[in-house]
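**Q** For reference, the chains in residue letters:
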Amino acid sequence: MALQEAAQHAAGAAGAAAEHGGETGGFPPFDPALFASQLFWFALSFIALYVIMSRFVLPKVGATLATRAGTIEGDLDQAAQKSAQAESARTAMEKAVAKARADARAMVDAARAEVQAKLAAEQEAAEVRIADRIRTAEARVDMAKQKALSEVPGLANGLAQDIADRIAPAGAAPARQRVAGEA
Amino acid sequence: MSNDPIHQFHINPISPPIHLGAIDATFTNASLFMVAGVAVASGFMAWAMRSQALVPNRAQSVAEIGYSFIHGMVKDAAGEEGVKRFFPFVFTLFTFIFMANMLGMFPYWFAPTSQIIVTATMALMVFFTVLIIGIAKNGAKFLKLFVPSGVPIYILPFVVLIEIISFFSRPLSHAVRLWANVLAGHLVLKVFAGFVPMMAAAGGIVAIGSVLPLTMTVALYALEFLVAFLQAYVFALLTCIYLNDALHPGH
Chain A
635 MALQEAAQHA AGAAGAAAEH GGETGGFPPF DPALFASQLF WFALSFIALY
685 VIMSRFVLPK VGATLATRAG TIEGDLDQAA QKSAQAESAR TAMEKAVAKA
735 RADARAMVDA ARAEVQAKLA AEQEAAEVRI ADRIRTAEAR VDMAKQKALS
785 EVPGLANGLA QDIADRIAPA GAAPARQRVA GEA
Chain B
29 MSNDPIHQFH INPISPPIHL GAIDATFTNA SLFMVAGVAV ASGFMAWAMR
79 SQALVPNRAQ SVAEIGYSFI HGMVKDAAGE EGVKRFFPFV FTLFTFIFMA
129 NMLGMFPYWF APTSQIIVTA TMALMVFFTV LIIGIAKNGA KFLKLFVPSG
179 VPIYILPFVV LIEIISFFSR PLSHAVRLWA NVLAGHLVLK VFAGFVPMMA
229 AAGGIVAIGS VLPLTMTVAL YALEFLVAFL QAYVFALLTC IYLNDALHPG
279 H
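Going down the list, the protein sequences come from chains A and B.
So the mapping is simple: our numbering equals the position in the first sequence, first residue as 1, plus 634.
So the mapping is simple: our numbering equals the position in the second sequence, first residue as 1, plus 28.
Isolated chain A (complex conformation) (with noise of 0.2 Å):
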């Protein structure tokens, strides 16, 4: 153990040798002499170590972690927004083609009920625009049968008379008679 040699030399007479007697055959986690040397470096270190955890370290991390949190959370809720948004849209645009398909039908069954209508009171019109013309007409034909039907005695005296001129002249009235009585 040269190093340790070298080390007690440096010591020289301080009795250094026998505080860090490495070399003295007993078990070192046992002598106490090494305690304090021991006790010394651990706190320094220890304190050192959590110094730097607590105060630098530590904080670092955990700020680091919360902020990804805190994104992947704000992230999933703009999501979950936008997918709510989506959705909504979808339900007005759904609803605004029932009520364009609602509209329409109503105004195709309106239209239809017009044109209806307006055909039946047109229909109506011409039945009896045609029934009045058909009576004018019977009572315009009723008219000129009654007028011929009335001319035709008169017309029957004249031609009975003009035959009976003609086959009997002036004399022959018993003839005259016969022929206009068969008339």
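The hints are simulated quantities; they were obtained by calculation from the structure and are not laboratory data.
You may find that some hints are simply not true.
As the list claims (entries may be wrong) - Just the calculated beta-carbon pair ranges, DEER-fashion:
(1) A734(A) - R86(B): 51 to 61 Å
(2) P185(B) - V685(A): 44 to 54 Å
(3) V90(B) - A720(A): 50 to 60 Å
(4) I93(B) - V731(A): 44 to 54 Å
(5) A723(A) - A67(B): 55 to 65 Å
(6) L258(B) - S688(A): 35 to 45 Å
(7) R689(A) - I93(B): 19 to 29 Å
(8) A723(A) - G71(B): 48 to 58 Å
(9) F195(B) - A718(A): 54 to 64 Å
(10) V90(B) - A700(A): 11 to 21 Å
(11) R689(A) - Y261(B): 31 to 41 Å
(12) V685(A) - I183(B): 22 to 32 Å
(13) A667(A) - F134(B): 23 to 33 Å
Stated by the list, open to error - For lysine-lysine, the following DSS-like pairs were computed, each having C-alpha atoms within a straight-line distance of at most 27 Å:
(14) K169(B) - K218(B)
(15) K169(B) - K112(B)
(16) K172(B) - K103(B)
(17) K172(B) - K218(B)
(18) K694(A) - K112(B)
(19) K694(A) - K172(B)
As the list claims (entries may be wrong) - Quick look at which bits of chain B chain A covers, simulated, 3 or more residues with Cβ under 8 Å:
(20) 34-45
(21) 51-57
(22) 70-78
(23) 88-100
(24) 114-121
(25) 136-148
C-beta: ideal position from N, C-alpha, C; glycine also.
Position chain B against the provided structure of chain A, taking the given hints into account.
**A** Frame of chain A, contents of chain B only:
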């Protein structure tokens, strides 16, 4: 190097003797590896967290996993309040022990946790933290720790006695568990590794047989890496469980 398996636990001064008043503060190999462990752990954490990226790289992932691992352990054992009060302390304990154990795995290096004085100091730190915080926070209610509820009155005195003994023997078992594991692991490794040159030097069939202790040494080395991590974990976990008693002494 001597073949003596105890040799690896010897503490040798590196600096000339340093005395601060009555305190012997000589820088030894034990001091070196404690300081080195602190330096490596702090350096790594600072380097790994240098960019604090939203999407971590590998080093940052390691740092964050270490953080989350201890954070979850403290939270599970001692609750939200335990995290608020003790998380840096437990994290420091774990890191210190883990680094000491791991650096000690290098051949010719030194494991500070192989010294009972170091593990005992840490165990007593935990013990007195529990005692002081427990009494300061709960006052007389802290004594409920020794009186489990729901125990029939006629055996209560014995239970209380056992609870008191178990409470005060905690630092002993806490310290010895870590120390003995590290010490025994290093001893066994050294013994088996020591057989290899001895048998090889003997020559003949014995020299060929030296492959057996070599295989054993490699296998034990793997086991010791596990133990190095596991004992740091166990020490930190028990610390959390004990600290929980300070916060919630009722069983």
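**Q** Each hint needs a verdict: does it hold in this structure or not?
**A** Verification of the hints:
1. A734(A) - R86(B): 51 to 61 Å: Between A734(A) and R86(B), where Cβ atoms are some 58 Å apart, the hint holds.
2. P185(B) - V685(A): 44 to 54 Å: 45 Å, holds
3. V90(B) - A720(A): 50 to 60 Å: Once the Cβ atoms are compared, 40 Å apart, the range 50 to 60 Å for A720(A) and V90(B) is violated.
4. I93(B) - V731(A): 44 to 54 Å: 53 Å, holds
5. A723(A) - A67(B): 55 to 65 Å: 59 Å, holds
6. L258(B) - S688(A): 35 to 45 Å: 25 Å, violated
7. R689(A) - I93(B): 19 to 29 Å: Once the Cβ atoms are compared, 21 Å apart, the range 19 to 29 Å for I93(B) and R689(A) holds.
8. A723(A) - G71(B): 48 to 58 Å: 54 Å, holds
9. F195(B) - A718(A): 54 to 64 Å: 56 Å, holds
10. V90(B) - A700(A): 11 to 21 Å: 19 Å, holds
11. R689(A) - Y261(B): 31 to 41 Å: 25 Å, violated
12. V685(A) - I183(B): 22 to 32 Å: 48 Å, violated
13. A667(A) - F134(B): 23 to 33 Å: 27 Å, holds
14. K169(B) - K218(B): Given that 27 Å is the threshold and the Cα spacing comes to 50 Å, the pair is violated.
15. K169(B) - K112(B): 21 Å, holds
16. K172(B) - K103(B): 22 Å, holds
17. K172(B) - K218(B): This hinted pair is violated, its Cα atoms lying about 47 Å apart.
18. K694(A) - K112(B): 16 Å, holds
19. K694(A) - K172(B): Not OK: K694(A) and K172(B) at ~38 Å, beyond 27 Å, violated.
20. 34-45: Three-residue rule met by the stretch 34-45 of chain B, so holds; n is 10.
21. 51-57: holds (count 6)
22. 70-78: holds (count 4)
23. 88-100: Contact hint for the stretch 88-100 of chain B vs chain A: holds, 5 residues under 8 Å.
24. 114-121: Held - the stretch 114-121 of chain B has 5 residues with a Cβ nearer than 8 Å to chain A, which meets the minimum of three.
25. 136-148: Holds, because 6 residues of the stretch 136-148 of chain B bring their Cβ atoms closer than 8 Å to Cβ atoms of chain A.
Against the hints set out earlier in the document, violations occur for numbers 3, 6, 11, 12, 14, 17, 19.
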